[in-house]
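**Student:** Knowing the structure of chain A, use the given hints to seat chain B on it.
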Amino acid sequence: MKNIDSYTHVRGESVYLDDIPLQAGTLFAALFDSPIAHGKIKSLNISEASMMPEVVKIFTTRDIPGENQIGGIIKDEELLADTQVHFCGMPVALVIANTDAAAKAAVKKIKMEVESLEIITDPRVAKEKGELIIPPRTFQLGDTVSAWKNCDYIFEGRTETNGQEHLYIETQGAYVLPQENGALKVFSSTQGPTAVQRTIAGVLGIAMNKVEVDTTRLGGGFGGKEDQATAWAVLCALAAHDLKRPVKYSLHRMEDMRMTGKRHPYSSDFKIGLNKDLKIIAYEATFYQNAGAAADLSPAVMERTLFHCTNTYFIPNVKATAYSCRTHLPPNTAFRGFGGPQGMFVIEAAIAKAAEHLKISATEIQQKNLLKSGDEFPYGQLAESEANECWNKAEADFQISKMQQDVADFNTSNTLFKKGIAVMPICFGISFTKTFMNQARSLVNVYTDGSVNISTAAVEMGQGVNTKMLQVAAKIFSISPGNIKVNSTNTYRIANTSPTAASAAADLNGKATALACEAILQRMKQVAAAELKTSVDDIKIKDGFVYSNESKTELSWEKLAMLTHVNKISLSELAHYTPPGIYFDATIEKGHPFSYHVYGTSVITVTVDCLRGTYEIDAVKVVHDFGQSMNKMVDIGQCEGGIVQGIGWMTMEELVYDKEGKLRSNALSTYKVPDVYAAPKEIMVEALETQKENAAIFQSKAVGEPPLMYGIGAYFAIRNAVLAFNPTAHLPFDAPMTPEKVLMGLHAQIE
Amino acid sequence: MQIETNLFLSLKIKLRTTALKFILNEQDVSPHPSAAETLLDYVRQVRQLKGTKIGCREGDCGACTILVGELIAGQLRYRSMTSCLMPLTNAHGKHIVTIEGVNFPDKLNVVQQAMAENGATQCGFCTPGFVMSLSGYCLNNPSASSDGVIAAIDGNICRCTGYKSIERAAIAIHKQLQISDDPIAFVADHEMMPAYFTNIKNRLENLFSEQQQEANTFEITSGSFVGGGTDLYVQRHGEMGHDNSFLFDKPELNFIRQEQNTCRMGPAVTISDLRESEIINKYIPHFHKFSKLVSSTPIRNMATVAGNFVNASPIGDFSIFFLALDASITLKQKSEERTLPLRDFYKGYKQLNKEPDEYISGISFKLPKENSFFNFEKVSKRTHLDIASVNSALYLELNNNVIEKAGIAAGGVGPIPLYLRKTSAFLEGKIINDTLIDEAIAVMKTEISPISDARGTKEYKTLLLCQLIKAHFINLNKR
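Sequence order for the protein chains is A and B.
Going by our numbering, the first sequence opens with residue 1, and the numbers climb by one from there.
Going by our numbering, the second sequence opens with residue 1, and the numbers climb by one from there.
Be aware that one or more of the hints could be misleading.
Said to hold, decoys possible - Computed Cβ-Cβ distance ranges for the label pairs, DEER-style:
#, chain 1, residue 1, chain 2, residue 2, range
1, B, 457, A, 436, 40 to 50 Å
2, B, 74, A, 23, 40 to 50 Å
3, B, 171, A, 132, 51 to 61 Å
4, B, 289, A, 45, 50 to 60 Å
5, B, 353, A, 132, 49 to 59 Å
6, A, 51, B, 206, 46 to 56 Å
7, A, 748, B, 431, 47 to 57 Å
8, A, 578, B, 145, 51 to 61 Å
9, B, 286, A, 111, 45 to 55 Å
Simulated from the structure, these hints should not be mistaken for laboratory data.
Cβ atoms here follow ideal geometry from the backbone N, Cα and C, with glycine treated the same way.
Extracted from the complex, chain A is given alone in its bound form (with noise of 0.2 Å):
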């Protein structure tokens, strides 16, 4: 099934937050925000900013009624900062005006006099001042200290691995309209309506019943709006409320790419064993997150790092350390894999320094030391694998030892261009890890005609969850999806949700919905059991019409909608979903936190030209774990999607903040995405299906974020390339491989 939303999208008809409406009298806003990156406000002077045209008010810190706090796992962030700057682009004043232009414009008018405090941007440099924004955490298996001893090999290095611009095509922005009795009717482009609500309530103090959110729908997200789509929203219901008139910020894209965070840049140490069998005995780590200013999800982004720190291999002793590293750049949030996938660089490097002192293929390593089902993670879950399934089915289709050995042959008869070839498998854990996010609750209007409303927590930003609760439902009422429309996510029809994240947002969602279809459903056979004089087990509904004893009757799904409302049953269900079995005690650092695992295997294969220094990516071929897909075209969309972004993230795509902490890559112009060009030539995805029972909806794993990582593999192949051309290459495991590194090591020493 196609995307529900590609007929509006493809006639340019879908509704984003910029193309809203605006009521008569809508104002705009615009932000000063700080030039320097750490410092002690000396002066704020707004008066010649507010006696420019147009202009309606200058909001500052004075002007908020509640408390001043936007920070959400710790409240550690201001909204508009009162006696200190913490960053570059840190919000500083809000200028309302009567046209957009004119409010930018005021902007460039505001003078701030700041004291200049020591900027500390490199995360190493923040731990050894003791500026963590919490305590470290350790996780710990078996032990490593007597393991050590039993190596054959060992091996230790650092890696870094920047940061990664979401890059969302929409930029961040809100819209907010006055409503009577002091509510707000807040469109906000969020992953998260719960957090702009109750964010919005703490800062105007005011209950949280009066302010609606509402999400249409998101033009990209991909974690960049879970937690930081907060503030424009929060600045445009101070305004609203205040002046008892509209407020719109759509956020200029250098406005976003100075003001937000980013996916956390990392440095990372690592210690590696190895017995003469290639058996992985221990393995040591210490992550040093880059938090940036503020805590945002930077603690919860930190333990997803521990969690997955040994990727998908089973290693008997780990102690791995992460410390959240407080810095003045601005503060780093979600982004899709959400720390997982700077854990597993840190392991991925520690193998390819192994394999490359031993002279083998770092394959060798990895596939000895898969998980299988039964070996427990360094949290203390134990696996339900397929991690070995992945591995075999990808050598059985796409023959990776001949992939080897053609790169091998090829190296041998060129000199200018030479092919790296690097398997990267993955293992990510499905479930929000602070386990009481783990909720839904989906409600399911059906009405007398027949039709069927959805509305659920889940925010719609192109990976299709609204396809797939459509699905959900269409599925169970076994009605044509026409008849079937999702709403858009809406504090006041649902109420205290989880952000749409974690991959984990058509599980959740989609068990809820099913709970409620499966309710009315029920409640409907009786009814049609009831009219047709036999018992609620004989009654099923097919295609649309009631099925007794199998025979098709004359009652349709929609005459049966009317004569259940005709006997007074309800047509609606508000069902709640949470996922069995999950729990985690952070005081051991143990537990069951994921519903399951999702497994795969990529293959990709690149070639370098060793003249200039520049490369393509052949090809990405991919084993991975669908469960049983409930939406191909969605599925195998996320899988393509993620699998650039993760490229972009290891090859073009370079965050670079001077040492006064101020964004340089800060337009497209200068930090580069992936074009059509710059995709792999060849993707090729091929399904494990598998059939066991999981807590995924209809048995189809979660798929949000898991592919990204395959984009890793992409790093270690160009490494390869750089190696078979100059195997003395000083390469420091140092992500992104830029053309500049990949030059660098081709031909540095030689110069």
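**Tutor:** For chain B alone, kept in the frame of chain A given last:
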């Protein structure tokens, strides 16, 4: 897209008419030039056509792509452009097509159908831009291979799909098209695009003859003025005002012609015009390959060569290209003209040998000789639609293995687009061999002064230029 092109700072064509006239989708419109700064703002804010999306306002994402139809030599031709960088005034006399203009009332057009069926839309925000780029492909004749349909979307960024589904859709579209005398009639007759397109040629002809009668109301005055706007509207968005428009495709300023062994070009010639020129393709056989490395289709459709020169970016691709070819430019101020080598145009960082009221009125260069070799190299973080870390062009005239004449230029290694005078002089009269290349590289190193910035460290840029010089000679060897 900051391709460092198109900042004309010298000529102004004053538009005296109170209103512009053009066709917007099916409708004749005549907005005042001050209705909006850019076409994007006009369609979204004035006309409330919200299908055209705002992604970056610098021509780098393609979400705002529209089609511009114009009569060229009596033929109606559509080109994709990014409406965020297109001055509203440049729509005068044209057919402007937004996504609303390719919609059927109750079904999908050929592009939309293929996109939907192939799952080529996820969040949907970039989708209208892709639909427009591909619709433009349908309205012109398809290329022989499917490379052309992929090239049509080289200016569109999608963050969701990873492009493979869009490629599948593009190829499905390509397969349904046929070479035709009248590609517009073909797609209209086959109900691939709305029928009204078949009347546009007539309507534009009528509009054109109306505007011909008003032609004498345009005059060139002094003051600042705009070419394609592809850099100016990035750098000075919101400050451009409305009355400093230059119709960058004004016919009398847009020509490429051969006079004996010299090629002469008008200042309004765009990169796409060069790509389509028989003269250019004959004398610079790999021009398509070289220019594919320069920005994207919609930007090349707007960006002018002269703008690239005047912009004076040290990394301007066509400055480097024409420095190697020893082009000359003619500067005009009122009725006075002077001609100087491009090599003498650059005095320092963004400083030109040009008076404020002077504008480039012509560009000329000697067409490469039979025994010559020309090569252009560019490396950037992303191979396409990116600004170079370093670029370089080499022109050689050869007598067997002896270099009789040499011109080599490099960008990104100094404050100006650098003509490597010493290296060029060193090469002349020498026999080509490996030692010579190493010696030339040594000379090159004495005349460059790269700095470390977002496009690379100075060490990288130095190494990269060494490699690109080797690449020039490797390509010469391959010939």
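**Student:** Work down the list of hints and note, for each, if the structure agrees.
**Tutor:** For each hint, the structure was consulted:
1. At about 48 Å, the beta-carbon gap between residue 457/B and residue 436/A stays in the expected band of 40 to 50 Å.
2. Evaluation of the 40 to 50 Å hint for residue 74/B and residue 23/A yields a pass: the beta carbon distance comes to about 48 Å.
3. The hinted range of 51 to 61 Å is satisfied by residue 171/B and residue 132/A, whose Cβ atoms lie roughly 52 Å apart.
4. In this structure the supplied range 50 to 60 Å holds for residue 289/B paired with residue 45/A, their Cβ-Cβ distance being about 55 Å.
5. Distance hint check for residue 353/B and residue 132/A: the Cβ-Cβ separation is about 57 Å, which falls inside the suggested range of 49 to 59 Å.
6. A hinted range of 46 to 56 Å for the beta carbons of residue 51/A and residue 206/B is consistent with their spacing of about 50 Å.
7. Remark: the range hint 47 to 57 Å for residue 748/A to residue 431/B is contradicted by a beta-carbon distance near 30 Å.
8. In this structure, residue 578/A and residue 145/B meet the distance hint of 51 to 61 Å, their C-beta atoms being roughly 54 Å apart.
9. The hinted range of 45 to 55 Å is satisfied by residue 286/B and residue 111/A, whose Cβ atoms lie roughly 54 Å apart.
Of the numbered hints listed earlier, the single one contradicted by the structure is hint 7.
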